[in-house]
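Going down the list, the protein sequences come from chains A and B. Heads up: the first sequence runs through residues 2 to 114, numbered per the numbering used here. Heads up: the second sequence runs through residues 19 to 130, numbered per the numbering used here.
In short, the hints are calculated from the structure, not lab data. Fair warning: there could be bad hints in the mix.
[What the hints assert, rightly or not] Using 25 Å as the maximum straight-line C-alpha spacing, the simulated PhoX-like pairs for lysine-lysine come out as follows:
#1 Lys63(A) / Lys79(B)
#2 Lys117(B) / Lys72(A)
#3 Lys117(B) / Lys79(A)
What you are looking at is a predicted structure, and each value in this text was computed from that prediction instead of being measured.
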Amino acid sequence: EAGVVQSPRYKIIEKKQPVAFWCNPISGHNTLYWYRQNLGQGPELLIRYENEEAVDDSQLPKDRFSAERLKGVDSTLKIQPAELGDSAVYLCASSSDQGGEQYFGPGTRLTVT
Amino acid sequence: AQSVSQHNHHVILSEAASLELGCNYSYGGTVNLFWYVQYPGQHLQLLLKYFSGDPLVKGIKGFEAEFIKSKFSFNLRKPSVQWSDTAEYFCASGDSSYKLIFGSGTRLLVRP
Numbered sequence: 002e003a004g005v006v007q008s009p010r011y012k013i014i015e016k017k018q019p020v021a022f023w024c025n026p027i028s029g030h031n032t033l034y035w036y037r038q039n040l041g042q043g044p045e046l047l048i049r050y051e052n053e054e055a056v057d058d059s060q061l062p063k064d065r066f067s068a069e070r071l072k073g074v075d076s077t078l079k080i081q082p083a084e085l086g087d088s089a090v091y092l093c094a095s096s097s098d099q100g101g102e103q104y105f106g107p108g109t110r111l112t113v114t
Numbered sequence: 019a020q021s022v023s024q025h026n027h028h029v030i031l032s033e034a035a036s037l038e039l040g041c042n043y044s045y046g047g048t049v050n051l052f053w054y055v056q057y058p059g060q061h062l063q064l065l066l067k068y069f070s071g072d073p074l075v076k077g078i079k080g081f082e083a084e085f086i087k088s089k090f091s092f093n094l095r096k097p098s099v100q101w102s103d104t105a106e107y108f109c110a111s112g113d114s115s116y117k118l119i120f121g122s123g124t125r126l127l128v129r130p
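Could you put together the complete structure from these sequences and hints?
Written out as structure tokens, the structure reads:
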């Protein structure tokens with residue numbers, strides 16, 4: 002069974018540029034999560050989807066971050082414009098149901114210069 | 019607000035030494051607890067989890083953790099570590115909202 006797929010694995014951009022990350026969860030997993038992991042810290046939830054509905058986006062900085070999961074399968078997280086403080090690893094995870102074990106992807110390491 | 023504290027940021031052990039990594043959580047209600055591990059160059063993966071029942075939980079690769087409700091703790095243990103256990107370990111708690119709160123992680127280095 003394929004795991005959670007994320008792309009790109011690494012991204013370097015200048016500040017004020019836009020950037021997008023893509024995630025394809027494990028097949029059949031209805032719940033999808035986006036986390037941000039700053040250096041030396043644990044992951045912090047940005048947004049959680051149940052199918053195509055964002056059920057928890059309270060931690061998403063909505064002035065510059067947006068996310069979508071149009072068909073309830075893969076998802077895109079966008080930052081526009083990026084700031085220096087956005088440098089982090091962006092992790093996607095999925096689970097088969099709410100509260101179930103979360104399976105993590107390899108993450109996208111973003112560097113904003 | 020929920021929080022998870024991991025006491026040690028870096029731990030260095032020799033092979034065959036015993037391991038105990040501390041984890042304390044703040045949430046006072048029903049809580050689910052997890053330990054995740056991230057091996058060098060790999061993604062986060064679940065070591066073990068506690069939802070209810072026996073407070074001593076056994077996970078993969080010989081790891082176990084004990085839930086002590088009175089101490090709000092969920093410490094990870096392994097009687098004899100191996101070089102291949104070198105990794106970063108994260109404790110996490112989840113409440114009824116299914117939101118996971120992670121600790122800041124403990125980097126374990128096992129010397130051969």
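For each hint, the structure was consulted:
1. Lys63(A) / Lys79(B): 41 Å, violated
2. Lys117(B) / Lys72(A): 23 Å, holds
3. Lys117(B) / Lys79(A): Given that 25 Å is the threshold and the Cα spacing comes to 21 Å, the pair holds.
In summary, the structure is inconsistent with hint 1 from the numbered list given earlier, while agreeing with all the others.
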